[in-house]
Amino acid sequence: MKGRWLSIGLYSALALTLLAPMVVAALWSLVDPKGGWFAPDIVPRAISLHHWQAIGLDRSLLNSIGLSVVISLAVTALSGLLALPTAYALAKIPFRAKRAIEMFILAPLIVPGLIVGIGIGYLFFRVGLAYSVPGVILAQTIGTLPFMIRILSATLEAIPADLIFAARSLGATPFKVGLHIVAPLAWPGFIAGGMLTFVSSFEEFEKTFIVGAPQVETLTVKLWAVLGGKVMIFPNAAVVTFIVLVPTVLIFFLAERAMRNDGALAAGMGKL
Amino acid sequence: MVANVQIIGLRKTFGPTVAVDDFSLTVAEGEFVALLGPSGCGKTTVMRMIAGITDPDQGQITLSGQRIDALMPERRHVGLVFQSYALFPHMSVARNVAFGLKMRRQTAGQIAVKVAETLALVDMSSYADRLPRELSGGQQQRVALARAIAIEPRLLLLDEPLSNLDAKLREQLRDDLKALQRRLGITTIHVTHDQSEAMALADRVVVMNAGAIVEVGTPRDLYQTPKTRFTAQFLGHTNIIPARVQFGRMITPWGELLGAAPLGAGAVQLSVRPEDLGLAACDQGAGHVTEVTFLGAEVEHRIAIAGLMLRSRSSGRDAPVHPVGTKVVLSFPADLHHLSQEPAL
Numbered sequence: 000m001k002g003r004w005l006s007i008g009l010y011s012a013l014a015l016t017l018l019a020p021m022v023v024a025a026l027w028s029l030v031d032p033k034g035g036w037f038a039p040d041i042v043p044r045a046i047s048l049h050h051w052q053a054i055g056l057d058r059s060l061l062n063s064i065g066l067s068v069v070i071s072l073a074v075t076a077l078s079g080l081l082a083l084p085t086a087y088a089l090a091k092i093p094f095r096a097k098r099a100i101e102m103f104i105l106a107p108l109i110v111p112g113l114i115v116g117i118g119i120g121y122l123f124f125r126v127g128l129a130y131s132v133p134g135v136i137l138a139q140t141i142g143t144l145p146f147m148i149r150i151l152s153a154t155l156e157a158i159p160a161d162l163i164f165a166a167r168s169l170g171a172t173p174f175k176v177g178l179h180i181v182a183p184l185a186w187p188g189f190i191a192g193g194m195l196t197f198v199s200s201f202e203e204f205e206k207t208f209i210v211g212a213p214q215v216e217t218l219t220v221k222l223w224a225v226l227g228g229k230v231m232i233f234p235n236a237a238v239v240t241f242i243v244l245v246p247t248v249l250i251f252f253l254a255e256r257a258m259r260n261d262g263a264l265a266a267g268m269g270k271l
Numbered sequence: 000m001v002a003n004v005q006i007i008g009l010r011k012t013f014g015p016t017v018a019v020d021d022f023s024l025t026v027a028e029g030e031f032v033a034l035l036g037p038s039g040c041g042k043t044t045v046m047r048m049i050a051g052i053t054d055p056d057q058g059q060i061t062l063s064g065q066r067i068d069a070l071m072p073e074r075r076h077v078g079l080v081f082q083s084y085a086l087f088p089h090m091s092v093a094r095n096v097a098f099g100l101k102m103r104r105q106t107a108g109q110i111a112v113k114v115a116e117t118l119a120l121v122d123m124s125s126y127a128d129r130l131p132r133e134l135s136g137g138q139q140q141r142v143a144l145a146r147a148i149a150i151e152p153r154l155l156l157l158d159e160p161l162s163n164l165d166a167k168l169r170e171q172l173r174d175d176l177k178a179l180q181r182r183l184g185i186t187t188i189h190v191t192h193d194q195s196e197a198m199a200l201a202d203r204v205v206v207m208n209a210g211a212i213v214e215v216g217t218p219r220d221l222y223q224t225p226k227t228r229f230t231a232q233f234l235g236h237t238n239i240i241p242a243r244v245q246f247g248r249m250i251t252p253w254g255e256l257l258g259a260a261p262l263g264a265g266a267v268q269l270s271v272r273p274e275d276l277g278l279a280a281c282d283q284g285a286g287h288v289t290e291v292t293f294l295g296a297e298v299e300h301r302i303a304i305a306g307l308m309l310r311s312r313s314s315g316r317d318a319p320v321h322p323v324g325t326k327v328v329l330s331f332p333a334d335l336h337h338l339s340q341e342p343a344l
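Chains as they are written, first to last, in numbering that gives the first Met the number 0: chain A, 0 to 271; chain B, 0 to 344.
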């Protein structure tokens, strides 16, 4: 009985925080511009696909989506590559001042993206990385690296040293241990870290805007433009919201299905 | 394939602490040796140095004449069984057992035959397709053992393999382990802190304390004629009685032991096992019973005598029970034993 009430509570909270805004956004995106949507109406007077069509006709939107996907993939790969050695060292090698270094690695999470963005924006301008895709990828990686390192080191830490010793004594070289033991046991961490990285890169705005705009126009930068500058145009914003949301939902849905047996997604995330 | 082991002058320090010092040991082909000692005595470090997990600071390890202390662990051909089982959680039982064979590049056919054969040896054939998490602790340890012996190691190292199991299962697995080791004739070094396990399994026991070997011997010798107080007390219970040998007579704190053959010279320490210490009610007795405990198979009396507190155990359903306060006289075995390597008290 207790469990059921807990579930009801949790799902209600989920519905309130996730579904309710989405429903409102969905309604906004479907408002017929001739009818509008004003208080005290609960739902718009008339429904149309006008705003979807308007944005769909904008060719540059497709380009932005493509660019965002490419940048996010690159950021994910780069983060994974850069995070692995650090994560391995944190998880498996004892050294002095480990705690301090861990804090140092997590620090970028605390500093607002805007501040980091302004700092590196100037630096990148000086070294010629401003307004370029590589510049945006590097800037975003600064923000995603802490997640990746944290999740990977938690995953690697959870692999008992005895397993590695057992494998070595059975004749496995360090490379074979990595291939047959560490990689299969750590892959949920890679997936979880990769997904978080991809999504946070896909949604990143401040650093991308400062370093890349107006030459590099990712989806979030595009969204900013569509929002209407000073006054938000609700129906347009609602449509773009959904476009930004699609990869996020898709990725989490796929990953949840792939890892249903392991519960590793939850485990990887839970150790954040 | 089975090797003999020769270890000379092994030493390992971790920072300022000396974990193992001047450890030398020879193990014959097919012999079962137990390293026994309290936790932190260095026994596990010795095992890890033989396996190649830890590098020694000094010393040599030789398997049948081949130096192995500088070899990578994967080149040593030594089987390893952990207290934590350390089964690969993402592999089935059969794949766990096959792992070492696969690393040795045997053909699929050879591997299948060997896996089936080894699983049959440990009675786990019907679990080949299970994952480790679907097995009980005892079953996991059987698989871990199978995985280690499947590669036909030159030496088998067991690190507290039975410590995570409950008492009944531990005894069962202990007997199976012993039978299997005798049958395969693998040279085995078994690390444990459990003296009854060491005595039940091993041909020879190496008693360790504070990083060094205290005493080496057969279980019977170490139990019955220990040379040191540490061994006497670590292997079961004992009564340590300070005594003096004067003019061919054995003098204890409460008087002369009549009929005792004199041992050593001057001050000695006698070690008498509780089951060897007899007692009889007697109004003129120098000791009196302070506590009686019924242990099922045995009855234990605690006796206060001349400032010492001694234990006496007797077994069988006819074992006499003396109530607390009873005056008693003690009787000693004819062949008294004293701790020859202990300084006098």
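Any given hint might turn out to be false.
Derived contacts from chain A toward chain B, CB cut-off under 10 Å, selection only [as the list claims (entries may be wrong)]: (1) L5; (2) G8; (3) S11; (4) A12; (5) L162; (6) R167; (7) S168; (8) G177; (9) H179.
Estimated spans, in silico, between C-beta atoms of each pair [said to hold, decoys possible]: (10) B:F293 <-> A:Y10: 54 to 64 Å; (11) B:L130 <-> A:L5: 44 to 54 Å; (12) A:L5 <-> B:K101: 18 to 28 Å; (13) B:V112 <-> A:W4: 29 to 39 Å.
Honestly, the hints are just simulated from the structure, not real lab data.
Bear in mind that the values here come from a model prediction, so they are computed numbers and not experimental data.
Where a beta carbon is used, it is the ideal one built from N, C-alpha and C, also for glycine.
Results for each hint:
| no. | hint | in the structure |
| --- | --- | --- |
| 1 | L5 | 27 Å, violated |
| 2 | G8 | 31 Å, violated |
| 3 | S11 | 34 Å, violated |
| 4 | A12 | 32 Å, violated |
| 5 | L162 | 5 Å, holds |
| 6 | R167 | 4 Å, holds |
| 7 | S168 | 4 Å, holds |
| 8 | G177 | 13 Å, violated |
| 9 | H179 | 7 Å, holds |
| 10 | B:F293 <-> A:Y10: 54 to 64 Å | 59 Å, holds |
| 11 | B:L130 <-> A:L5: 44 to 54 Å | 30 Å, violated |
| 12 | A:L5 <-> B:K101: 18 to 28 Å | 46 Å, violated |
| 13 | B:V112 <-> A:W4: 29 to 39 Å | 57 Å, violated |
Going down the numbered hints, you'll see the structure goes against 1, 2, 3, 4, 8, 11, 12 and 13, while the others check out.
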